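J.: Chain residues, written in single-letter form:
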Amino acid sequence: MPGEARDSRESKDSRNSNQLSFDELVEKFRNAIREELENKDSFNAFQNASESFFSSLRLAFDRFPDTAKLAAEVRKIKENSLENLEYLIDVATQNLERNGIDVFFAKDALDARRYILEELSGVKERTIVKSKSMTLKEIGLRYFLEKEGFEVWETDLGDFLVQLANDEPMHLTAPAIHLSKENIAKLVEKFGELKNRDANSIVRLIADFLREKIEKAEVGFTGANAIAANSGSLLIIENEGNARLVSSLPELHIAVVGVEKIVPSLQDAYKVAEVTWRYAGYEMPSYIDVISSPSKTGDIEKKLVKGAHGPERISVVLLDNGRTAAKGLLREALKCLRCGACLFACPVFGELRGRWGDTYMGGIGVAWDAIINSGEAYKAHALACLLCSRCAEVCPVGIDSGRILRELRASFIRELLGIDRGIKRGNHKF
Amino acid sequence: MKDIFKLLEDNFHKSGNPLGVRISPSWAAELGIDYGGKRILFTGLSYQLMPFTISALNILEKGKAVSILGKLSKLGLSRLIPKKETDSFYNALRAAYKLLKQSGIDFGFLYEKEPYDGALFYDFGMDWLVDENEARIKKIFEENNVKEVLTISPHSYFMLKNVYDLDIEVRHILELVDLPRVNRILHEPCILARKTDFAEKFREKFQKLAILPKRSGKLTSCCGGPVELIYPELSRAICINRAKELEEEAEIRNVKGKITESTVGFITACPICLMNFLRCGFEVEDYLTVSVREGKFAGGS
Ligand code: SF4
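Line order of the protein sequences matches chains R and Z. Mapping of the first sequence onto our numbering: position 369 corresponds to residue 369, and the numbering continues sequentially without gaps. Mapping of the second sequence onto our numbering: position 230 corresponds to residue 230, and the numbering continues sequentially without gaps.
Treat the hints with care, since some could be wrong.
What the hints assert, rightly or not - The calculated lysine-lysine pairs, modelled on DSBU-like cross-linking and capped at a C-alpha distance of 35 Å, are: (1) R:Lys335 to Z:Lys201; (2) Z:Lys6 to R:Lys327; (3) R:Lys76 to R:Lys28.
Stated by the list, open to error - Reference excerpt, derived from the structure (chain Z facing chain R, CB under 8 Å, subset only): (4) Ile33; (5) Tyr35; (6) Ile105; (7) Phe107; (8) Asp127; (9) Ala135; (10) Ile140; (11) Glu143; (12) Asn144; (13) Lys147; (14) Leu166; (15) Ile168; (16) Arg194; (17) Phe198; (18) Lys201.
Just so you know, the hints here were simulated from the structure itself, not pulled from any lab data. Given the structure is predicted, the values throughout are model-derived calculations rather than measurements. Each residue gets a CB set at the ideal place from its N, CA and C atoms; glycine is no exception.
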């Protein structure tokens, strides 16, 4: 199995960060910075990816010129949803359950992992498959299940490569952005023979390998890009088709979704999804999956049988983990769609890529690390933001990560120096 | 780290600026600027503190422990300053004076009484010092009956206009002076491009003044300066990459000022940008300095 079982939180710094002093956290991050600045391959790969991202974005906007208008609408949808979050959690829970989906509200990552372990108690097959999801990373699913003796496979190609390299994802939507084709070829040759060392052959080899795992698994994990409260539906955007397989071939589909992803209606959820993929640089994604209940048929004497072609059971874990408690400007970060556009615009991210951030990444990721209590590393990372606001220019929902991080600094520096003054500042224009 | 923040605070309490250095207003005396007045030129000490910052960073980048800054401060940073770099900052102030005068604007200056703009405290989130500084600025302005300030540094402009609650008119020099055309590439500062209500107006002025690179306007890319104190290596890397972009643009446009293979004469419009490009070894000047020296004003020089 690639990658040794690590801390269940699946994060780069949080393993020790709670024991480190502030100075040690900064020193540790300085060392990580020095190391990453030496990584010229990763720098060049990211520069190229960044160029292609901005040209794809331009093409996507040319083809769908109303995208910016739609983004403004989505911003309002998200703001209203966050204002009524507790109500929406109730409505979504009721409607998901009405559709025959099991729902568990997890107050934190530990709670989510405990529930998942119970769900897996009757499962005999040790192979488990998952699709790309930052929320699954947030609860440290892979390392946790590996520790529990499961064999867990990332089925998103980029995540799979990162898993093989025993590394961390380097971008929200493009996890293997730092790996060159040559390095990737070397990695995949560990488990199969490559006829050619071109991208097509690499993809073929990986897809065949993973298909076998997906067919074998009894449980598949996904996240979701949005939840529609009124219809009790999950929306998942993807290009590779792995999330469809992971959510439909195994008998049990478990989706772990942050509560901030809930919006009032299916129409709202679609708008959120469209803005997400467009700002991720896609004109259209290959697939938009809408999942509203387990697979079922009534074709034999009108008797309902669950699990025809798809899963017999779906379980949705609604994850709080600090979200409903987020205060001040941190609440702004809950609007994030995880499109990743801001990371391509950020000069710091251009240098450090996924090394900037602990569980999440980039400026917005540092804010998220603070929300989910992923340890103290976020403090050292927050000090790396330039406050230049370039991110805000490309963000569909207008998040200025710098403003959030400045406010975070204000609170931990006050704490560090034992100051109880200067508390009201922070919400200035710009 | 705690030591650094404490040091900045102590310095501020002792000498009114975070580096604890003595700043001479002799440049203003040489120009014969009057003391005080309803309308004043406000530097916020931003340009004057930068030569000290370069000296501190050069040592900080070499040393491992951040507490080295404390020792440095006691040694007296002024002894470490290279003359050439000091001139770059003071020339910008002198040029600001000339451009304003040329535009027929009268103003005074607060000399030793001029307060620090507080930008570093704001950026670090040391908000209790932002509050203190706000009160201090208010008091000094009231005592001197100041009603209007003309700022030069984008950071001073931002602090006075957006952060502090002051009952005075705050203008940026770009609102008041006409700039000539210079054959240089301009690195636009983030604040003027993205953090003011007048971004469009500033951009028009910049477009008239110089050549703007691909990443400009709303998408101008930061010089890396704001993280220099905690992560100097990161700051340097960002600076070098931004300089490369400017250099490529200069090559494409065949712009005057190319010095060697790795340096190019571009211009900046913010003391922190100027500081960071200089400390990273680039040939760079402030736009005000170059405007006065090289500018071709419409209808004469
Ligand atoms: S902060 Fe904005 S741009 Fe960045 S990932 Fe979130 S939604 Fe996208």
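J.: Could you run down the list of hints and mark each one as holding or not?
T.: Do the hints match the structure? See the list:
As the CA atoms of Lys335 (chain R) and Lys201 (chain Z) are separated by approximately 31 Å, the hinted pair is consistent with the 35 Å bound. With a CA separation close to 27 Å, the supplied pair Lys6 (chain Z) and Lys327 (chain R) stays within the 35 Å bound. The straight-line distance between the Cα atoms of Lys76 (chain R) and Lys28 (chain R) is roughly 39 Å, outside the 35 Å bound, and the hint therefore fails. Contact between Ile33 (chain Z) and chain R, as hinted, is not supported at the beta carbon level, the nearest pair being about 31 Å apart and thus beyond 8 Å.
With its C-beta approaching chain R no nearer than about 32 Å, Tyr35 (chain Z) sits outside the 8 Å limit, and its interface hint is violated. Because the smallest distance between the Cβ of Ile105 (chain Z) and any Cβ of chain R comes to about 27 Å, over 8 Å, the interface hint for this residue is violated. Taken as an interface hint, Phe107 (chain Z) does not check out: its beta carbon lies about 26 Å from the nearest beta carbon of chain R, beyond 8 Å. Hint on Asp127 (chain Z) holds. Least Cβ distance to chain R is approximately 3 Å, under the 8 Å limit.
Among the interface hints, the one on Ala135 (chain Z) is violated; its C-beta lies about 12 Å from the nearest C-beta in chain R, farther than the 8 Å criterion. For Ile140 (chain Z), the suggested interface contact is broken, since its CB lies about 20 Å from the closest CB of chain R, more than 8 Å. Taking 8 Å as the C-beta contact cut-off toward chain R, the hint placing Glu143 (chain Z) at the interface is violated, the least distance being around 24 Å. Because the smallest distance between the Cβ of Asn144 (chain Z) and any Cβ of chain R comes to about 25 Å, over 8 Å, the interface hint for this residue is violated.
For Lys147 (chain Z), the interface hint is violated, the least distance from its beta-carbon to any beta-carbon of chain R being 22 Å, above 8 Å. A hinted interface residue such as Leu166 (chain Z) counts as satisfied when its beta carbon comes closer than 8 Å to some beta carbon of chain R; here the least separation is about 13 Å, so the hint is violated. Taken as an interface hint, Ile168 (chain Z) does not check out: its beta carbon lies about 17 Å from the nearest beta carbon of chain R, beyond 8 Å. Below 8 Å, beta-carbon pairs count as interface contacts, and Arg194 (chain Z) has one with chain R at about 5 Å; its hint therefore holds.
The criterion of a C-beta within 8 Å of any C-beta in chain R is not met by Phe198 (chain Z), whose closest approach is roughly 12 Å, and the hint is violated. Given hint, Lys201 (chain Z) at the interface with chain R, is violated; its Cβ is 16 Å from that chain's nearest Cβ, farther than 8 Å.
The structure shown violates the earlier hints numbered 3, 4, 5, 6, 7, 9, 10, 11, 12, 13, 14, 15, 17, 18.
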